[in-house]
Amino acid sequence: MQSVTVTLGGGGVQVVLLPGLAPAQAEEETEALEEGPSPIAPEAKELLWGIGAFVVFLVLMRLVLFPKLKKGMDARYGKIRADHEEADAVREQALREVADYQAELDTVKAEAASRVDAVRRQLDNERSGRLTEVNQQIAEQRAAAATAAEERRAAARSTVEAAVVAVTTALVERSTGRAPDAETVRRAASDVMSVGASS
Amino acid sequence: MESLSRLIVEQAGLNADDQKAANAAIGAGFAYGLAAIGPGIGIGYVVGKAIEAMARQPEAAGMVRTTMFLGIAFTEALALIGFVVFILLGL
Amino acid sequence: MLALEFPPINEVIRWKDLFPTFNKVALIGCLAALIGISIFLLAGRKNPMVAPTGVRNVAETGVEFIEDQIVMQTIGRDGLGWTPFLLTLFVFVYLCNLPGIIPVLQMPATARMAMPLFLAVIVWVIYNVVGFKHNGLSYLTGMVWPHNVPVAMRPLVGLIEFLSNIVLRPFSLAVRLFANMLAGHMLLVTFAVLSNAMLFAETKQVLLKPMTILPFFMLLFLTLFEVLVGFLQAYIFTILTAVYIGLARHPEH
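Residue numbers (our numbering), protein chains in the order written: chain A, 1 to 199; chain B, 200 to 290; chain C, 291 to 543.
Hints may contain errors.
As the list claims (entries may be wrong) - Straight-line alpha carbon distances no greater than 30 angstroms define the calculated DSS-like cross-link-like pairs of lysine-lysine that follow:
{"#": "1", "chain 1": "A", "residue 1": "Lys45", "chain 2": "C", "residue 2": "Lys306"}
{"#": "2", "chain 1": "A", "residue 1": "Lys79", "chain 2": "A", "residue 2": "Lys68"}
{"#": "3", "chain 1": "C", "residue 1": "Lys336", "chain 2": "A", "residue 2": "Lys79"}
{"#": "4", "chain 1": "A", "residue 1": "Lys71", "chain 2": "C", "residue 2": "Lys336"}
{"#": "5", "chain 1": "A", "residue 1": "Lys70", "chain 2": "C", "residue 2": "Lys306"}
{"#": "6", "chain 1": "A", "residue 1": "Lys68", "chain 2": "C", "residue 2": "Lys306"}
{"#": "7", "chain 1": "A", "residue 1": "Lys71", "chain 2": "C", "residue 2": "Lys423"}
{"#": "8", "chain 1": "C", "residue 1": "Lys336", "chain 2": "A", "residue 2": "Lys68"}
{"#": "9", "chain 1": "A", "residue 1": "Lys70", "chain 2": "C", "residue 2": "Lys423"}
Unchecked claim - These stretches of chain C come out as covered by chain A in the derived footprint (C-beta under 8 angstroms, 3 or more residues):
{"#": "10", "stretch": "365-378"}
{"#": "11", "stretch": "416-427"}
Don't read these hints as lab results, they were simulated from the structure. By construction, the Cβ of each residue, glycine as well, lies at the ideal position given by its N, Cα and C atoms.
With the hints as constraints, model all of the structure from the sequences given.
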């Protein structure tokens, strides 16, 4: 009959295999087994089965199961990362296109604005040119009219002066019987008229 | 404790082996009870401080949690040794 | 008077051999390994390029949990090669803890000293081998005669370090898992026995039987609690292993 004594001491375990037991000892042993295992001491069969199960699990996991799972995970994550990068690239390109379009739009807008400005400036120039021309014409005409009026007035005045001189000369001749000095009469008439004209 | 067990044994009219067992049982109860006091306070302190740290710096919560579990594990070991002694004595 | 006959602790964790040298704890250990292998086998068969569902999702969550929450937090990026070992450790311990709350099985395999003990010994061997491999003999000398403490303190600190590395770490690793699971198991047994005794008590008190609901709800609550404890203990066992491996690689931290 094989029996095992296991003692737990400070982190290590001592397993002593006892090859055979005297009959009396064996009886004691079976009685102890009837009572149940010690709650603290490990049992050899549990220890060995546990080690076996764990080592098989560990070796399989290390060599087969984990690498396969991890490879799949890495592949998927790699694909997801690549897809992300692709999406980023596409987004960047789209943004660049939008920026290009915006720039084009801006140049076109600027050109249009400059054209409008040029036309407006031209129009302004034309208008001011016309305006000055017209003003000039008006001023010329006004000046011509003013000179004409002045001439007419001077003519009318000389006519009136001559008439006044003639009338005055006739009056003086008639009243005094003697012809007055023509120069005096004309000066007097001119004085009177200029007073009248100025008043 | 000794006198308590002697009183129990005399009252029940038990022999010396029974008295030894009664001593062991009482000792086991005290062993676990006393062993639970320190770690109880210690774990409370560890967790309280960890919560404080997490509330102050939520971005460091993962690190704090890991360290908290480590601290709890080390503190708790004392109580568990008390529990093992309880089983050994109460056997 | 309520006669509550609590079974002796040996009876609670004693299981008849299913056949010689094979009992329930061994069965749970083998089942844990088998279930773990089949989960990862089935997960590996699924198409990896589509979004993971079902068993593959479970496996990948486990892998990412180990990588992000355990390896990256303790060893760092160059420790990612330890992921399969830590993943195996975590899955095995968790699947050994879980039967504590599964009806019919009702026994966490880690509540027997054998399971935590051999796991702790494996971890002990691994982190010491890693230490010697990465630092040569200075792993041992740096442990016994640390250079970053004052000379007067070195014998004391060295002794503490040595004891902690060689004796206390595997001991506390094993005892922590074992005692946690055994304590949880005992709690469940206590409330189950109490519920049973109250329900079937031969008493004339009318109120006693309806009051069975109190320990019964405690039993339910503790069962939920044990789910959490099972996960937490597997996590702590794994993260402590990772911490020890990390410390053995770079002892100056």
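Against the earlier hints, flag every one the structure doesn't satisfy and list their numbers going up. Of the numbered hints given earlier, those the structure breaks are 5, 6, 11, listed in rising order.
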